[in-house]
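Enquirer: Sequence:
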Amino acid sequence: MESVGREYNNMRVLDILLRIAGKDNFQLDSEIDIGYILQQCWKYGWMMIRGKIFSFGHEKIAKNIFVGKKVKVIEKKYLTIGEKTKLQEGVYIDALSREGVSIGDGVVIGRNTRIECTGGLQSIGKGVRIGNRTTFGNDCMFGAAGGIEIGDDVVAGQFIRFHSENHNYNDISKLIRNQGVSHKGIKVGNNCWIGAGVVFLDGAELGDGCVVGTNAVVTKNFPENSVIVGVPAKIIKKRGED
Numbered sequence: 044m045e046s047v048g049r050e051y052n053n054m055r056v057l058d059i060l061l062r063i064a065g066k067d068n069f070q071l072d073s074e075i076d077i078g079y080i081l082q083q084c085w086k087y088g089w090m091m092i093r094g095k096i097f098s099f100g101h102e103k104i105a106k107n108i109f110v111g112k113k114v115k116v117i118e119k120k121y122l123t124i125g126e127k128t129k130l131q132e133g134v135y136i137d138a139l140s141r142e143g144v145s146i147g148d149g150v151v152i153g154r155n156t157r158i159e160c161t162g163g164l165q166s167i168g169k170g171v172r173i174g175n176r177t178t179f180g181n182d183c184m185f186g187a188a189g190g191i192e193i194g195d196d197v198v199a200g201q202f203i204r205f206h207s208e209n210h211n212y213n214d215i216s217k218l219i220r221n222q223g224v225s226h227k228g229i230k231v232g233n234n235c236w237i238g239a240g241v242v243f244l245d246g247a248e249l250g251d252g253c254v255v256g257t258n259a260v261v262t263k264n265f266p267e268n269s270v271i272v273g274v275p276a277k278i279i280k281k282r283g284e285d
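Its first residue numbered 44, the sequence shown is counted upward by one per residue in our numbering.
Errors might be hidden in some of the hints.
[As the list claims (entries may be wrong)] Each pair of labels, with its calculated beta carbon distance range:
#1 Val274 with Leu81: 41 to 49 Å
#2 His210 with Pro266: 24 to 32 Å
#3 Lys281 with Lys86: 35 to 43 Å
#4 Lys112 with Leu81: 13 to 21 Å
#5 Met91 with Lys120: 33 to 41 Å
#6 Ile92 with Asn211: 45 to 53 Å
#7 Arg220 with Leu81: 50 to 58 Å
#8 Ser216 with His101: 48 to 56 Å
#9 Lys217 with Lys95: 50 to 58 Å
#10 Glu126 with Asn258: 31 to 39 Å
#11 Glu142 with Ile215: 43 to 51 Å
Since the hints were derived computationally from the structure, they do not count as laboratory data.
These figures come from a predicted structure and were not determined experimentally.
Heads up, the beta-carbon is just placed ideally off N, CA and C, and yes, glycines get one too.
Could you build all of it, start to finish, from the sequences and the hints given here?
Expert: So, in structure tokens, the structure goes:
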């Protein structure tokens, strides 16, 4: 009976942590053992503590965020983070930019993800906006010199890359590195699903409800509810079609 009581109490602790993290209706799988539950309680407990320290003295950063180990932010004054957002272990953010980095409520930024807004000292970048309840897997890259806008409720996998800057190269009498760059920006609508390894190039845009297949390279604008795959990406169907 004593072991059952301890297990119940540990489950309750994890349930409370999950509720704080915004998972009010989350149901644990019955196969999860008590050791794993204790590990998660320990992990999320420390992430809560780090979140409190991370947000201290910064009005634009919510007090109830979760922060993993080895998270690093440069120019935190340009950073806005909403409630119950998670920055997993190893996240790096260089927030120096004209419009800053804005991360909404309930967002998950996966392990070792990098958000870099400014590539050089001659001109600072535009910045990043990530909407509410959007999740990114581990090892993603946001090159945000030209601006990146991500909508609400986007589900995105691992190793996704955004490059909102292009090098000019048409003048063959000059070195490419001396011809400057262009910025159009990248936009992703609401309720999109982005597979692992997808690359977005400057000027790419997805309408609401799009699905992007694994390792696609998105180079242009696609209307809402498009299902796109390939290099370069193209539409293969519309959501809702047989």
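Enquirer: Any hints this thing doesn't respect? Which numbers, in order?
Expert: Hint check: 5, 11 fail, others pass.
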